[in-house]
Amino acid sequence: MLLRKGKDEIISILKDHLNIVMATLENLSNMINSLLMLDIKKSKEYANIIDTLETNADNVHREGVIKICKGSLFGYMREDIIALMEHIDDIADSAKEASRTLLQRKIPEEMLVRFLNSNTIAYVNASIDTVKHLTRLIDVLDSKSDVILEHVRHVEQSEEYADTLKNIVIQELYSSSIYDTLTIIQLREFIQLIDRIADSAEDASDVVLIMLAKGYA
Amino acid sequence: MVTLHFILDLILILYLVSQPLLPSIGPIIPLQVINIVALLLLSFIFGINNSGVVVGPWVSSGFRYRRSIVIAMIGFALGLLFEGDKTSYNIVTTDAISSARVDIARSIILMITLVVLLVSSYIGIPISMVNILFAAYIGAIMGMNQEYYNEYISRDVLTTIIFWVVLPFIAFFLSMVVHRIVLYNARLLGLISVNRFYSIALQIALFYASYTIGSNNLGLLYSIGYDANSYDIYGIVIITILLSAFALGMVNGKRISKFIGEDMIGLTPARVLSSILTSSIMLWIATQIHVPSSFVHLLICSLLGVGITIRPSLYNRKYITLLLTSWIFLTLISFIVSLMLNHMIPVL
Numbered sequence: 000m001l002l003r004k005g006k007d008e009i010i011s012i013l014k015d016h017l018n019i020v021m022a023t024l025e026n027l028s029n030m031i032n033s034l035l036m037l038d039i040k041k042s043k044e045y046a047n048i049i050d051t052l053e054t055n056a057d058n059v060h061r062e063g064v065i066k067i068c069k070g071s072l073f074g075y076m077r078e079d080i081i082a083l084m085e086h087i088d089d090i091a092d093s094a095k096e097a098s099r100t101l102l103q104r105k106i107p108e109e110m111l112v113r114f115l116n117s118n119t120i121a122y123v124n125a126s127i128d129t130v131k132h133l134t135r136l137i138d139v140l141d142s143k144s145d146v147i148l149e150h151v152r153h154v155e156q157s158e159e160y161a162d163t164l165k166n167i168v169i170q171e172l173y174s175s176s177i178y179d180t181l182t183i184i185q186l187r188e189f190i191q192l193i194d195r196i197a198d199s200a201e202d203a204s205d206v207v208l209i210m211l212a213k214g215y216a
Numbered sequence: 000m001v002t003l004h005f006i007l008d009l010i011l012i013l014y015l016v017s018q019p020l021l022p023s024i025g026p027i028i029p030l031q032v033i034n035i036v037a038l039l040l041l042s043f044i045f046g047i048n049n050s051g052v053v054v055g056p057w058v059s060s061g062f063r064y065r066r067s068i069v070i071a072m073i074g075f076a077l078g079l080l081f082e083g084d085k086t087s088y089n090i091v092t093t094d095a096i097s098s099a100r101v102d103i104a105r106s107i108i109l110m111i112t113l114v115v116l117l118v119s120s121y122i123g124i125p126i127s128m129v130n131i132l133f134a135a136y137i138g139a140i141m142g143m144n145q146e147y148y149n150e151y152i153s154r155d156v157l158t159t160i161i162f163w164v165v166l167p168f169i170a171f172f173l174s175m176v177v178h179r180i181v182l183y184n185a186r187l188l189g190l191i192s193v194n195r196f197y198s199i200a201l202q203i204a205l206f207y208a209s210y211t212i213g214s215n216n217l218g219l220l221y222s223i224g225y226d227a228n229s230y231d232i233y234g235i236v237i238i239t240i241l242l243s244a245f246a247l248g249m250v251n252g253k254r255i256s257k258f259i260g261e262d263m264i265g266l267t268p269a270r271v272l273s274s275i276l277t278s279s280i281m282l283w284i285a286t287q288i289h290v291p292s293s294f295v296h297l298l299i300c301s302l303l304g305v306g307i308t309i310r311p312s313l314y315n316r317k318y319i320t321l322l323l324t325s326w327i328f329l330t331l332i333s334f335i336v337s338l339m340l341n342h343m344i345p346v347l
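Quick note, the sequences are listed as chains R and G, same order.
Quick note, the first sequence lines up with residues 0 to 216 if you use numbering that gives the first Met the number 0.
Quick note, the second sequence lines up with residues 0 to 347 if you use numbering that gives the first Met the number 0.
Honestly, the hints are just simulated from the structure, not real lab data.
Remember, predicted model here, so these are calculated numbers, not experimental data.
For every residue, glycine included, the Cβ atom is placed at its ideal position computed from N, Cα and C.
Treat the hints loosely; a few may be bogus.
What the hints assert, rightly or not - Pair by pair, the computed Cβ-Cβ distance ranges are:
no., chain 1, residue 1, chain 2, residue 2, range
1, R, Glu159, G, Arg186, 25 to 33 Å
2, R, Asn55, G, Val236, 53 to 61 Å
3, R, Glu62, G, Gly123, 38 to 46 Å
4, G, Arg186, R, Met36, 46 to 54 Å
5, R, Lys143, G, Gly234, 24 to 32 Å
6, R, Ser11, G, Asn184, 24 to 32 Å
7, G, Arg316, R, Arg152, 34 to 42 Å
8, G, Phe172, R, Glu25, 53 to 61 Å
9, G, Gly123, R, Ile209, 28 to 36 Å
10, G, Tyr183, R, Arg152, 19 to 27 Å
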């Protein structure tokens, strides 16, 4: 019973945090779709929602860290769980900054529509999928090592796929002649921030690998 | 705190050394009182050393220092009270040895042990108080009365020395088996559950280790330093104060905890648990056969046994060599100095 209580507590803390982060990403996706429809007003509303959710994610992160620090039976895993939560929080931070980057300056409509093509949408979705794989990994965190390793692999593969799409999107950005310099800088920053979402998810899965190594060595 | 302790010890040692030189003045404070003060100082240093060997591996796995101290202290107290008499060695009065002479011999034993432990605590190397104390005790007996030693002590000494060599070897190999058993069971659990398992199991192992050290080592310290057969009200008071001094020492022993936990070998919860369990079992066996034994030796041999089966494994050979040579060297020095001092001081 003591084992079960502790297990539920850890996974609950992580899942609460991840749920808010996923909501942030869903709204980011909605915001991008609104921009594609050239509905700037709607996209700004979504940006505000993302801002609020990111603040909630920070609060949940902070409370989770306090619970873990005060918790009695976390032992050697304490620092790893805190590191895991830190990477999950980075996802929400990156999503918020990505939403701000697109709206900080009005991008000419022609450039915006050109940029938000199928490759860019696929790239954003691939990054979000990486986080979905991370969510599934957290769901199975109390499973045996081979199950956990399988899910870690899914996160890594998804991040690699997102990386591949990122290169395509960047190449398209640089090779097209319709973008002005300032827009290129703005959009490049957006691409890097989307990449940080996938990278943070992959870093979080690396922490799980470390926990595996410590727990079974 | 350690600097103040160092100064107090120096004053005490100088006072003890000056006693044989001041027969006309006589002791300002009775030697029995001085011996008790020395005993308490010794237990303080013993606490510092043991905070490393018992608490260190636990701390290196990420557990809280203060909580582990409390659990350890309860274990030490229970071990001393329930089984502390099993490794008791006394200095008895005979026709040739008066009680005054016994007090002097006791002073010399405690003084030698204090000096050696003080130096090793200051440097930050875990040294076996048991080895030093027992070697000084044997040197004292031999120095005072060779016949008494031959008749009553020599067989025990031979047994003890044999087990000082045999038990660490057994611990080395047993720890490999225990480690495999621990890992096998851990792999049946999920990642979060295994963390909980180690949390609980390590607390139990820590308590058991403390109990065995309390019964074996503190029992020896009490018997040599005070009186093996005295469990009357004065004895209980001395035991209480001894344990308090020990607890104070443990609170001050973080540097040795770092040495064991981080400087010597890379530790995982499984290795820590296996090593502590193995060394506690071996020490408990030693207590049952009335052999004072060093938990430090057993723990380090267990850690090496566990570590050697893992690839890649990382050792700090320099520190391990330093430990081995200091153990042998300081034990021999304690014996020789105690023998010489007790031989030189005239029998009263």
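For the hint 46 to 54 Å, verify it against the beta carbon of arginine 186/G and that of methionine 36/R.
Taking Cβ atoms as reference, arginine 186/G and methionine 36/R lie about 53 Å apart, which means the hint holds.
Look at the Cβ atoms of lysine 143/R and glycine 234/G and judge whether their distance stays inside 24 to 32 Å.
violated (54 Å)
Glutamate 25/R and phenylalanine 172/G - C-beta distance against the hinted 53 to 61 Å:
holds (58 Å)
Starting from the hint 34 to 42 Å, judge whether the C-beta atoms of arginine 316/G and arginine 152/R obey it.
Once the Cβ atoms are compared, 38 Å apart, the range 34 to 42 Å for arginine 152/R and arginine 316/G holds.
Quick one: are tyrosine 183/G and arginine 152/R within 19 to 27 Å, going by C-beta?
Because 25 Å falls inside the window, the suggested range holds.
So the hint says 25 to 33 Å: do the beta-carbon atoms of glutamate 159/R and arginine 186/G match that?
Roughly 29 Å apart at Cβ, these two residues keep to the hinted range, so it holds.
Look at the Cβ atoms of serine 11/R and asparagine 184/G and judge whether their distance stays inside 24 to 32 Å.
With a Cβ separation near 26 Å, serine 11/R and asparagine 184/G satisfy 24 to 32 Å, so the hint holds.
The hint says 28 to 36 Å between glycine 123/G and isoleucine 209/R; measuring C-beta to C-beta, is that right?
holds (29 Å)
53 to 61 Å was suggested as the range; check whether the CB atoms of asparagine 55/R and valine 236/G agree with it.
Hint holds: Cβ distance 60 Å, inside 53 to 61 Å.
Could you tell me whether the CB distance from glutamate 62/R to glycine 123/G stays inside 38 to 46 Å?
holds (39 Å)
Hint check: a violation occurs at hint 5 only; the rest are consistent with the structure.
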